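First to last, the sequence lines map onto chains F and X.
The first sequence lines up with residues 96 to 359 when you count with the working numbering.
The second sequence lines up with residues 25 to 671 when you count with the working numbering.
The set of hints was computed from the structure by calculation and includes no laboratory data.
Just so it is clear, the structure is predicted and the values come from calculations on it, not from any experiment.
It is possible that some hints are incorrect.
What the hints assert, rightly or not - In silico PhoX-like cross-links for lysine-lysine, where the CA-CA straight-line distance does not exceed 20 Å: (1) F:K330 x F:K301; (2) F:K119 x X:K395; (3) X:K379 x F:K139; (4) X:K379 x X:K395; (5) F:K139 x X:K279; (6) F:K139 x F:K170; (7) F:K330 x X:K84.
Residues per chain are reported as follows:
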Amino acid sequence: MDHLDVLESKSIYIIREAFNRIDKLAMLWSIGKDSNVMLWCARKAFFGHIPFPLLNIDTEKKFAEVYEFRDRITKEWNLDVRIGGCPPVEEMDQSLPPAARSAARKTAGLKRLIAEGSYTGLIAGIRRDEEGTRAKERVFSPRSETNTWNFRDQPPEFWDQFNTEFAPGTHVRVHPLLHWTEMDIWLYTRRENIPLVPLYFAKDGKRYRSLGDQDITFPVDSNADTIDAIIEELKYSKVAERAGRAMDHEAEDSFERLRADGYL
Amino acid sequence: MRMGTCKMTKSLDSSTSRISEEQIQTTLPLKIVIVGHVDHGKSTLVGRLFHDTGSIPDGKVESIRAMCDRRGMPFEWAFILDALQAERDQGITIDISQIFFRTQHRHYVLIDAPGHREFVKNMITGAAQADAAVLVVDGRDGMQEQTRRHAYLLHLLGLHQIVVAINKMDLVGWSEARFHEVATEVREYLDDLGLDLQHIMQIPVSARDGDNIVARSTETPWYSGPTLTDALDTLQPPVGSLDLPLRFPVQDVYKFDDRRILAGRIESGHLRKGDTILFSPSNKQARVASIETWPSKDEVLAVRAGQSVGITLDEQLFVERGEFISLPTNPPMLTNVFRGHIFWLGREPLMAGRKYTMKLCTAEYQVEVEKVERVIDVADLGTSVIDRVDRNAVAEVILRSRRQIAVDPFDHNMHTGRFVLVDNYEMVGGGLISMDGYADQRRSQTIRSTNIFRVEHTIPLEARWEANGHKSGILWMTGLSGAGKSTLAFALEHYLFKKGYLVYVLDGDNVRHGLCSDLGFSPEDRVENIRRVGQAAGLFARAGYLVITAFISPYRADRDRVRALAPEMFHEIFVDAELGICETRDPKGLYKKARRGEIEEFTGITAPYEPPALPELRIDTSAQSIEDSVAMLSDYVLSTFSLASNR
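Turn these sequences into a full structure, and let the hints guide you.
In structure tokens form, the structure reads like this:
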């Protein structure tokens, strides 16, 4: 087994654990490169089937290419996608900085969709190497009734034994890609030939490394117009992946506040 | 904070032994856990390690310095790790962080585990994922409680590669004597734990100033060993479990289409299409019809340890999640009792009689704590005999389940030899399995001669009883060697014979020389010995005899199995005497031999005795004479086995 096989096998194991242990399960599909890898691993786990719905939170401010990709893949892969809208920005916590306030809409939309489907488990494609608070996550991460994350008192998790029993009212976030890096995602996407939103590839000296809402996501300088070129670029980059995400940088604690409240 | 893909600093680029960028980024990072006592400088060491290996993204250090200025506080390297607001406020690392960094040889995932006592669960969470550990010890304080506890837990988690960073050497004036003092203290403790000291490296460092982290310090001309990063680069990546026997715990069974797929991860060994496989604990067998894959349609002929796979069988077998697939030639052990070397994380103490859910790979069993054997004091590695295990303590306990459990001893197979305990939605402990002194119960429940049919007897049992004037049955005496089983058995036989009973004693002398002459005294042979005695006793009883057996029969499961053969006819007699008294009697001189170490696995000394939970009769031979004991027995027999018409 090479290193991608090891990562993939662990992700499949986690996704299968979630499916076996959680009654009302759904997978978040953001259409980004990570969630496409996650979806691919799920199809491998269940031999081409996806035995739970995919949730897509629509802020209505995504790039046109993202919507086009979502609708095409939904059809081609025969997916059960549930799309949820988001409340207007005026209803968000006004003490948050502007971009974080805008990002908080997504959390609110997510909470609404979870409540509608009364899901007790959500599979999400976050990675430890993306950002500091995500580095502290568990693979099976319990959330309170109000979706909040108590990062100060997380349950133990070892030997691939996950917390799969929960008191009534709590739900769990499952993170099958926690142990992957950005580089791993690209190497695996190349090897498995997984389709991608074209915005990741450079056009006129700019490309997106991370896809958020149009108004709070900015492209980075790059000439990488193929996966090979992106991998080559990443080998020597010292710019953080989420550098183009405005809400991470407004205040030192805004991303942590977003996550404690239920943001991915 | 993503660090996986950073450029090296100039000093590292100039290295001559450079490994290609492609190679580094396409191998798995080595996972390192940083442990040690609170305030000994773990987070500082990590911050410095990142900085000095050039693993921090541009601008990160500057932004933290700016933040410190804004708040009017001095800059600390530890802040690099402390990504959460709460941690800066409290000054301690609350949870594990996993962060990527690299040297010129390979990249690493660094797990920073908290040293604070109440966060042992986080330390376990971190260390259980690691391939190797850095133990940070303050050069001023030497080993402290958490240093010892963490070292002990590393040992319990099976981590044997340890780099010891003796930190804050600047604060002891870079004293060579002090370094050796602390180093000796650490080495002696690790030696007592049983760690192989060849894998242990000890380095004098000052994390705050970066001495001997990446760059060699000018302060330690007396030290010629490796710097921290040099030491890390010599550590070995984990080896796969390909050479061990096949273990494939069933994770789920899928029926999405006309296929019925058994899914799961192969924990050790290989599996081939066409193999005959055995399921444990159900003891069923089938053949592998196919190995399923997606999206490729190419036929897969073999899979191996580490792979998440799916297979179909050649017949419709009802198997569930939790069964262990193995080859029939090398199966896991079956048992309903074992010893666990555990660490306890529960808020409530663990005590005898408490029940927990045990998870072993994908299997789940209900277990009861039969006994707390010993609690280990991590400070001096002494043990105390107390009946409770408190939070964060380590102990050896006996666990028992109603069902048969498929297990491997941890030292045979780590994947199937460790378990976690769950109580009230929470994981409250973890442990390693030991089967020392306990038998593999597989042979005793496997029926090999499946084509033999039982002949129906034309004479009903009741007719035999009528003719004999008494009922028949098994009086099963169990107890320690020297408790008086044989003495009582022969005295009772004599008494009943004179009363006209059809009675016969089975004991070691008439069984071991013939029926069981091929068996020794290993736990497995003892189980088989008792199985045969049970079968023979059953035949005697069905022939109308009252049969008395006199065997130590130390395992409850074995006796229960004999009972299951003929529940109405089985009478368990617990011949009870204190070990000390049996040892003084010592009719065959066996205790003396066992104490001298000349007999292995001697019940009561080096092998366990499990007393009956609910015997039909208990005879206390330490408290009463042989005559009184025989009288109790004969009263019991006359009232239980006499027919109304009899005398």
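Evaluated hints:
1. F:K330 x F:K301: Holds. F:K330 to F:K301 sits at ~18 Å (cutoff 20 Å).
2. F:K119 x X:K395: Cα-Cα ~39 Å, so violated.
3. X:K379 x F:K139: violated, 38 Å
4. X:K379 x X:K395: holds, 12 Å
5. F:K139 x X:K279: Holds - the C-alpha atoms of X:K279 and F:K139 are around 15 Å apart, at most 20 Å.
6. F:K139 x F:K170: Holds - the C-alpha atoms of F:K170 and F:K139 are around 18 Å apart, at most 20 Å.
7. F:K330 x X:K84: holds, 19 Å
Of the numbered hints listed earlier, those contradicted by the structure are 2, 3.
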